[in-house]
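K.L.:
Each chain, written out:
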Amino acid sequence: MSSHAWRPVVVIVAVVIAGLVVRQMIIPKDFTAKNGDYKYQWHRASNEDEWKRMEPKHMGRDFCQQCHPDKIEAVADSGHQHVQCENCHVQFDPEKRGHKTIDLKADYKYQLDIGIDRSRELCKRCHSQLKYRPSVYTNFSKGPIPFKMIDPEKHNAGVECVMCHDVHKTGFKTGVK
Amino acid sequence: MKLTRRELLKMGLISICGAVIPVSAFEVFKPEALASLIHPFSKKKRWAFVVDTTKCVGCGMCVKACKLENDVPFYADIQRTWVERYVQRKGGEVIIDSPRGARYGFTANDPQGRTDVPEDDISKGFFVPKLCNHCEKPSCVQVCPAGATYKTEDGVVLVDRKWCIGCGYCITNCPYFARFFHPVYNTADKCTFCYHRITKGRKTACVEACAFGVRKIGLLNDPDSEVFNIVKTERVAVLKPEYGNEPHVFYIGLDHIVR
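Protein chains in written order, with the working numbering: chain W, 1040 to 1216; chain H, 783 to 1041.
Wrong hints could be hidden among the right ones.
Derived contacts from chain H toward chain W, CB cut-off under 8 angstroms, selection only [stated by the list, open to error]:
| id | residue |
| --- | --- |
| 1 | Gly840 |
| 2 | Gln894 |
| 3 | Glu935 |
| 4 | Phe963 |
| 5 | Thr974 |
| 6 | Glu1016 |
Coverage of chain W stretches by chain H, computed from C-beta distances (three or more under 8 angstroms per stretch; other residues unrestricted) [as the list claims (entries may be wrong)]:
| id | segment |
| --- | --- |
| 7 | 1063–1074 |
| 8 | 1087–1095 |
| 9 | 1101–1109 |
| 10 | 1116–1122 |
| 11 | 1125–1131 |
| 12 | 1175–1181 |
In short, the hints are calculated from the structure, not lab data.
A virtual CB, placed ideally from N, CA and C, is assigned to each residue, including glycine.
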């Protein structure tokens, strides 16, 4: 056996070994196939914790109750009892953003932007009349009630809903009828 | 050792028969497979979701809450959950749309932006919220060349943002179009069942934001969970069962025009 035949073999073996060594170094140590399931569970195990570590942002009514118990009480007794504060009070529009009295982000580590949106568009998301919108609200604590829907073009077009309606108590504002 | 012709043929036949039985033929003897025959609902911890389409009004608050919670850019047309509107006209024509993923809700009768669909001409219509189905056999996971997407032990399909190379195979391979390319992280992204919330004992952002009780999340193996009781006692269906993905988002009131 002459040496010229062995040289490429040595080179190939060296490349393969180098490749395997590099692979060992690059692939994280915690790559596992849980339950031996290489098809669906082959992953970096620590990634599960990375997802778990994320902080919830949508804090729900309990968070708002810390400072606004009166509002929560009014809402809890009304037709809007299952509407979360954040549905209406979280804002994307930069002009409407900002909590008036305190900085929620600094003082409460609350990450969303809170503001007030009084537009008709917001109310129309649930209350504009559509034929294919369920007409009975079954989730109400005092039993099923008809779901209030209006034709936004005929029902006082151009006027803000909150001019007459108290959205926290779900009804007319005092003095309006 | 001496072999007679009879012995040779005998042993040959036995070994051939043995060789052709695939390993999968023994699968029925796997303990968990047997257990699932005895208990139709597995004892394994498994997250599942229920959507009651009969209650959905199409307000899109779930889409808004999800986008906020999970850092999905609000003004981009990508979403982890979205709401579809199905309108069938009396002539049989079906109009399906989901403007901006319904993040601003459905506020007018304008399916696909059309104004030529009067209410009198609609024979039926409804809203169908959609999200990742967290399949038992996720076809998106199977095609990942990097091992960057996987199913956790409790049945949630996640994406490893550090390991994803952004090839997009999973996005094209999901039969439910639940995945998209995240423009900030430059990886594939999808609904995580709010894994950071459900593992802390909270509900997902979309469930919390829904005022109509349309969405429910819970453990499918927990006899006390609402999800378990609905799947056990009510008529539920899944989307596109023909793909064999075994989706774990169960729908109440699903119609045949839903895709």
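K.L.:
Take the hints in turn and mark each one as holding or not.
P.N.:
Checked hints:
{"no.": "1", "hint": "Gly840", "result": "holds, 7 angstroms"}
{"no.": "2", "hint": "Gln894", "result": "violated, 14 angstroms"}
{"no.": "3", "hint": "Glu935", "result": "holds, 6 angstroms"}
{"no.": "4", "hint": "Phe963", "result": "violated, 19 angstroms"}
{"no.": "5", "hint": "Thr974", "result": "holds, 6 angstroms"}
{"no.": "6", "hint": "Glu1016", "result": "violated, 14 angstroms"}
{"no.": "7", "hint": "1063–1074", "result": "holds (count 3)"}
{"no.": "8", "hint": "1087–1095", "result": "holds (count 8)"}
{"no.": "9", "hint": "1101–1109", "result": "violated (count 0)"}
{"no.": "10", "hint": "1116–1122", "result": "holds (count 3)"}
{"no.": "11", "hint": "1125–1131", "result": "holds (count 4)"}
{"no.": "12", "hint": "1175–1181", "result": "holds (count 3)"}
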